[in-house]
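Here the structure of chain D is known, so what remains is to put chain Z in place on it, guided by the hints.
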Amino acid sequence: MSDTTAAPSAPTHGMGAVLRHAQYVIRENKVTGFAFGLFVIILLAALFGPHIVPYDPLASNTSAALQAPSARHWFGTDQLGRDVFSRVVVATRLDFAIAIFSVVLVFLMGGLAGVAAGFFGGWTDRIVSRIADTIMAFPLFVLAMGIVAALGNTVENIVLATAIVNFPLYARIARAEANVRREAGFVQAARLSGNGEMRILLGHILPNIMPIMVVQMSLTMGYAILNAAGLSFIGLGVRPPTPEWGIMVAEGAAFMVSGEWWIAFFPGLGLMMAVFCFNLLGDGLRDIIDPQRRT
Amino acid sequence: MTAAAIPNAPPEVPLLDVRDLTVEFSTRRGTVQAVKHVDVTVGKGETVAIVGESGSGKSVTSYAVMRILDRAGHIANGTITFGGVDVGKADERNMRDLRGREISMIFQNPRAALNPIRKVGHQIEDVLRQHAQAGSDDAKTKAIAILEQVRIARPDERYHAFPFELSGGMCQRVVIALALACRPQLLIADEPTTGLDVTTQKTVMDLVVELTRERGMSTILITHDLGLAAAYCDRVVVMEKGRVVETANSHAIFSAPNHPYTRKLVRATPRPGVTLTDLLPEDDAVSRSALRKASAINGAAHQGAGEPPLLVVDNLIKEYPRKDVNGGSFAGLFKRNGAASPDAPPPVFRAVDGISFSVRRGESVGLVGESGCGKSTTSTMVMRLIDKTDGQILFDGEDIGAIPARQFARLPLRKRIQMVFQDPTESLNPRFTAARAIADPILRMGDEKGTKAVRARCEELATQVGLPLDLLDRFPHQLSGGQKARIGIARAIALKPELVILDEPTAALDVSVQAVVLNLLQDLKEQLGMSYLFVSHDLNVVRLLCDRVIVMQAGRIVEEGPTEQVLGAPAAAYTRELLSAIPHPPL
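Residue numbers (the working numbering), protein chains in the order written: chain D, 1 to 295; chain Z, 1 to 587.
I should point out that these hints are in silico values taken from the structure, not numbers from a laboratory. Given the structure is predicted, the values throughout are model-derived calculations rather than measurements. Each statement offered as a hint is correct.
Stretches of chain D that chain Z covers, calculated by requiring three or more beta carbons in the stretch to come under 8 Å of a beta carbon on chain Z:
no. : segment
1   : 184 to 191
2   : 200 to 211
Partial selection, computed: residues in chain Z whose CB lies under 7 Å from chain D:
no. : residue
3   : Ala409
4   : Gln418
5   : Met419
6   : Asp423
7   : Glu426
8   : Ser427
9   : Leu428
10  : Pro441
11  : Arg444
12  : Met445
Glycine included, every Cβ here is placed at the ideal spot set by N, Cα and C.
Chain D extracted, bound-state conformation:
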């Protein structure tokens, strides 16, 4: 039985079918639905955060310092009397942006290098694979610290460091996926149609690898957020008083012992939910994209 899933009768193509399938996956898999919901909240917070928060995240008010969570200050206030809720919400934009840009950057570097390595083989493959091996030889977080320390303490360098650290992962996945397709029938057919090698790589192989890369990008998003927060936590990258989850956790950590737990707890919760969301989202996306699971 080779082909039991012959032509379905309903016209099932285009955007409508994708949405219908997404709907089906969310309905069947509650966890994925939850992740999609979280994602929408994060996206809204990132887009409109500064406009919807009740307080100015930078405005200090020493008379209201170190207040526990209450109806006025949902997440309490920190040592300078700043509203923790406003700061957590506003921080979403920065952390989200760092994650997005680093993931796009690593896709452009690692993804494309990996596809080329897998498709062309030979020297391209050797160079890309050895670069990946070299990066893998370092403890990744220490490498990211080193890059930021060496290049300068800026948000741009955090993005770059996060991208470089993830390079091997993308390069290897893209390489493996391109490699199994390089002698595929449709690639041979593309050669017969007069496509040059570069056009086959970009026009035929890359679109077929994109779904896998998108899933990978979602999974890496969580790691990228964690990495950025981690660098900020140890004092690299983003500087106070900018609201950022990592810094806020670092600042609040000192107050944990004296009982003011909310300063570190809520940014930490935001961080956790964001990472959680992107990891679950990655799993959900894989279900949507993977036709084998379409039963």
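Showing chain Z alone in chain D's frame:
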């Protein structure tokens, strides 16, 4: 115990009795009935074939008997009685006992059915021990004895072999050994020889029939090949779209098929003494036949014998370096350097060993042989997708063999040589619509410019290959095998090539679809005056489509000549062996 009940069963009760079986699968588009009200009985010692095309529910029926349906499927209705035991109601532990010991199964892909990292001998021991047929002391002896029974030469050596060290036919024998290890009462063989060469198919099928006969076992053979079914089975059950349409003994099924679907299947099966149009359903064939005659007159004029040949292949050689002379075993790692044995094979492997042939304009030449004979390597070289090692490929007088394959894609010559691939699914980019796939060569090398002109040409081609225009915007996974094959053909003829290489274009298709596609290819050839180089292992198909046949074995040509001569009165022993291995239904 379930096993104890079986010998006491009265002889008139069939061993397996499937009554009114309905199997449902829940999908996201609702419930689908894969098998509808099917009745099948298998008596003791009987060999029954279940024949049908893809999607007919033949495999699902057998999975239901074994209770190995996947999670989405369940038995909705009907009873399955095996030796007095109701399989439908038996609990999972009893079923596990039944599988392997009472009913066992051979799967289509023998390599996938074996654990790739376990020695085949150990795998047989596992089955024996699982069902308490052997203890730790005698398992090895028994396993070797079983390997010997399935005619594996040097069984004590092969006991230590891994599946990848064995050929496809050899692997299938190991799978048969596994299936028969516990002397089951019923063997279910699900397409056991699909993907094997015709001579291997014959040895494997002969072995299965012989072993099951001598043990008085019953067999269910699931196959799409009516010829195979009729040649090896007592009774044939024909299934279509989940229903049994006809059950008859194998003599009657070919001589007097009752149901229209069976008639269609019998007609569509390529066999000696028929023409291409005979394969089509009756009403269709008459009109086609008249059409063919009219165009054949034009075609004959086109096939000028005096012209220089379109393609001349002269002493073509392709060598591959041997990766590991020691056959990949770990022993090789520990051998001392420089201790190469004098009888070690040469450092290169000749896939194609100095072959020469020619193809005239408008001619169809068949290139036949078994897997590994070099026919695909030859066609890929002529196609200029890989480079030759030595020799000449002259196309219309020009030595295209001298142009590196990488550059060839961009030359105008590329338009004149095209190819239809073996697997219609694999050769279509899953992310391109049908229209985009057909348009690809036109966009790169065609004369049509602009979106509208390209689309118009696509529609013209789709009409030419009989693909409904409303399917043009679908993706490959939304199309059937036959429709995908048509897209592959439309793409190949889009640039009006002079030579088209057909690499087993119908091997992945159902027999009724194959009949239509073969007729389409013949029509297109006559309309467009193309030459075909038809690469195939199926001599019956070659007989229908080709003017001349070249038989290859181990990289060399063993016989060449007009089709009727080579297939009617073969001179080479190898050709005779190939011909005799084709299963002949009892007529």
